[in-house]
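With the hints as extra help, turn the sequences into a complete structure.
One letter stands for each residue in the lines below.
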Amino acid sequence: MRLKTPVAMLCVGLFLSHQTIAADLPQRWVSAGGALSEWVSALGGQSKLVGVDTTSQHPQSLQTLPSIGYQRSLSAEGILSLRPDILIGTEEMGPPPVLAQVKAAKVKVELFSAQPDLPTLEKNVTHLGQLLGAQAKAAQLLQTYQQQLQAQAARVARVQTTQKAPGVLLLLGHAGGKPLIAGKDTAADWLLQQAGGHNLATHSGYKPFSVESLASLDPEVLVFADRALSGDAAKAALFKENPILNSSRAAKAGRVMELDPTLLVGGLGPRLPAALQTLTDGFYPAKDGQ
Amino acid sequence: MTTLVKPRGLFIGLTLLCLLAIWLSLALGPVSLPLVDTLRAALRLIGLPLAPEGLEQAELILGQIRLPRTLLGLAVGGVLALSGVAMQGLFRNPLADPGLVGVSSGAALGAAIAIVGGSFFGGLPEWFGPYLLSVCAFLGGLGVTALVYRLGRRNGQTHVATMLLAGIALTALAGSAVGLFTYLADDATLRTLTFWNLGSLNGASYARLWPLLIITIGVAVWLPRRAKALNALLLGESEAGHLGIDVERLKRELVFCTALGVGAAVAAAGMIGFVGLVVPHLVRLLAGPDHKVLLPASVLAGASLLLLADLVARLALAPAELPIGIVTAFIGAPFFLYLLLRGRA
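Top line first, the protein sequences correspond to chains A and B.
Counting from 1, one number per residue, gives the positions in the first sequence under the working numbering.
Counting from 1, one number per residue, gives the positions in the second sequence under the working numbering.
If you're looking for bench data, these hints aren't it; they were derived computationally from the structure.
Do not rely on the hints blindly, as some may be mistaken.
Said to hold, decoys possible - Cβ pair distances, simulated, as ranges:
| hint | chain 1 | residue 1 | chain 2 | residue 2 | range |
| --- | --- | --- | --- | --- | --- |
| 1 | A | 228 | B | 24 | 35 to 41 Å |
| 2 | B | 35 | A | 271 | 43 to 49 Å |
| 3 | B | 27 | A | 228 | 56 to 62 Å |
| 4 | B | 187 | A | 123 | 55 to 61 Å |
Said to hold, decoys possible - Some chain A residues judged to face chain B by a derived CB distance under 8 Å, without partners named:
| hint | residue |
| --- | --- |
| 5 | 67 |
| 6 | 70 |
| 7 | 73 |
| 8 | 75 |
| 9 | 76 |
| 10 | 79 |
| 11 | 80 |
| 12 | 82 |
| 13 | 85 |
| 14 | 98 |
| 15 | 101 |
| 16 | 104 |
| 17 | 202 |
| 18 | 209 |
| 19 | 233 |
| 20 | 234 |
Only a predicted model underlies this, so the values are computations on that prediction, with no experimental measurement involved.
Heads up, the beta-carbon is just placed ideally off N, CA and C, and yes, glycines get one too.
Written out as structure tokens, the structure reads:
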């Protein structure tokens, strides 16, 4: 490389000192991960975000920011055109040559794990808090989050002493057509377990199902996550496209619940405890004396 | 047969177009660099320290992002178009495209194995990881093409019709294997596979570029030397034989060049459709079927088309980026239809 490092550092330093008030903290953020963008917003850093990827859909106001495309097919020049100080994303972010190019342009690239478990989340949020200069807020958010999840776990344990865990299937679909069933090793499976449901699907990953096996599993509760529609429209489409579902115990008892599909992408997000609570409400109705 | 354009005019026009495309590809991008900075950075990159210091950002974007990308576009476009000419000459059919001998489907299979099954190749050395996909795609393309060629041979002769049918059968077989991998893939790898199938010049790096550049130059030097033989082949295989052409050798060379060229292009940039089919056809419509003109003109036209398509791909949705395969087909298909219908009227 002919690039003279000291000179380059000096230039970048001068450039930054014009741009930023706080000396070291990155001021212009680009986020390539749905849950990460949510955490940045929750930590009060939303005004620092200058670009997000297509998985960053929450909070709604993020959707007005420039889109850098899907997290796995980012473009180096596109990201650089937003003049970011930092690019954050999960290990799914890529392709690697693009990340190398972004790094070469002196943009800090921070990778976070999307593993859905608490220790990982703790590490991620603490780190984000440091980068945003909001350590106290991060600690406080984490504490509340842990308390909520602990209360959730305690509640599930309590009701399971009196009620059997209901058999659940989670259907991930697009406007009702040919839904994929969430099996083991998915964020959806983890979610169902935390909410106290028993996932009837035993395959791994999201797979299409034959209607026959769907009927034979006969779930007590159906949870659907639709990427195109929401609410009653999604429910109607699901039953119209898959009439066999009408004969399931879940449909007969009216125990069909909706889940926001963006909760299933990119690790644990801040909206999770509330979603878990709603699911548990549906899994253990009435007798749970909440 | 009269042609629309004289060869000389065609070459001048295509060279200018290609130079323009190269310039645009270097000068335009989501990051808007002032023209002066681009020129200065370019001067510094070729080792002329005429420009002042302090253009590191411009130099980096030009040297590490746009230049490799432009070179990749030139090589991929050129070699795909050349392979198209080779296949259309071999099958003596203007609708032939490099996919016919199985090189694209073989590469897709190789890529699917690498993407979905990548984690099973646990014992690979660290440095090889990033190149696994490219190497698998290249070997897959070469392997399936070799098989198609073997199946087309009988009694020391290559039957083009048998080869064509074998190509169709193996393409279907490879397609079903890719389908199986698609089924086995989880969400994340599925998206990688989908994007790979649409092709992209994004993330071009010199390490991936050199093998393709060498192969492209090799093919681009070799094939035009066989222009006369390809012209003779247009008359028919036995006629070409009577004219003193070693037809068996020619066929072998054509298949080999295509497998090598398309394999390398696909390995570097993923699947990019339409260039190999349309560019030779387009040049033929403009300048007639003489391979002496067709081969070099297709290189220029293919390279220009791909660079211009890539420009659309990176600017249309900036700062995000479109896969280039979408753009080539979106621009290419209507233009192709227009040429077809105009010829009929």
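Hint-by-hint comparison with the structure:
In this structure the supplied range 35 to 41 Å holds for residue 228 of chain A paired with residue 24 of chain B, their Cβ-Cβ distance being about 38 Å. For residue 35 of chain B and residue 271 of chain A, the hinted distance range of 43 to 49 Å is satisfied, since their beta carbons lie about 47 Å from each other. Taking 56 to 62 Å as the suggested C-beta distance range, the pair residue 27 of chain B and residue 228 of chain A does not conform, at roughly 40 Å. Judged by the Cβ atoms, the range 55 to 61 Å given for residue 187 of chain B and residue 123 of chain A is violated: they are separated by roughly 24 Å.
With a least beta-carbon distance of about 5 Å to chain B, the hint placing residue 67 of chain A at the interface is held under the 8 Å criterion. With a cut of 8 Å, the hint placing residue 70 of chain A at the interface with chain B holds, because the nearest CB-to-CB distance is about 7 Å. Evaluation of the residue 73 of chain A hint against chain B yields a held restraint, the C-beta minimum of about 5 Å falling below 8 Å. Hint on residue 75 of chain A holds. Least Cβ distance to chain B is approximately 4 Å, under the 8 Å limit.
Here the hint on residue 76 of chain A is kept, as its CB sits about 5 Å from the closest CB of chain B, short of 8 Å. For residue 79 of chain A, the shortest C-beta to C-beta distance to chain B is roughly 6 Å, which falls under 8 Å, so the interface hint holds. Interface hint status for residue 80 of chain A: upheld, as the beta-carbon distance to the closest one in chain B is roughly 5 Å, under 8 Å. For the restraint placing residue 82 of chain A at the interface with chain B, the shortest Cβ-Cβ distance is roughly 6 Å, inside the 8 Å limit, so the hint holds.
For residue 85 of chain A, the interface hint is violated, since its Cβ never comes within 8 Å of a Cβ in chain B; the closest pair sits about 14 Å apart. Given the 8 Å rule on beta carbons, the hint for residue 98 of chain A holds: about 4 Å separates it from the nearest Cβ of chain B. About 6 Å separates the beta-carbon of residue 101 of chain A from the nearest beta-carbon of chain B, less than 8 Å, and the hint is met. For residue 104 of chain A, the interface hint holds, the least distance from its beta-carbon to any beta-carbon of chain B being 6 Å, beneath 8 Å.
Interface restraint check: residue 202 of chain A against chain B, minimum CB-CB distance 16 Å, threshold 8 Å, status violated. Annotation: interface hint on residue 209 of chain A violated; nearest CB of chain B at approximately 13 Å, more than 8 Å. Because the smallest distance between the Cβ of residue 233 of chain A and any Cβ of chain B comes to about 24 Å, over 8 Å, the interface hint for this residue is violated. Because the beta carbon of residue 234 of chain A sits about 20 Å from the nearest beta carbon in chain B, more than 8 Å, this interface hint is broken.
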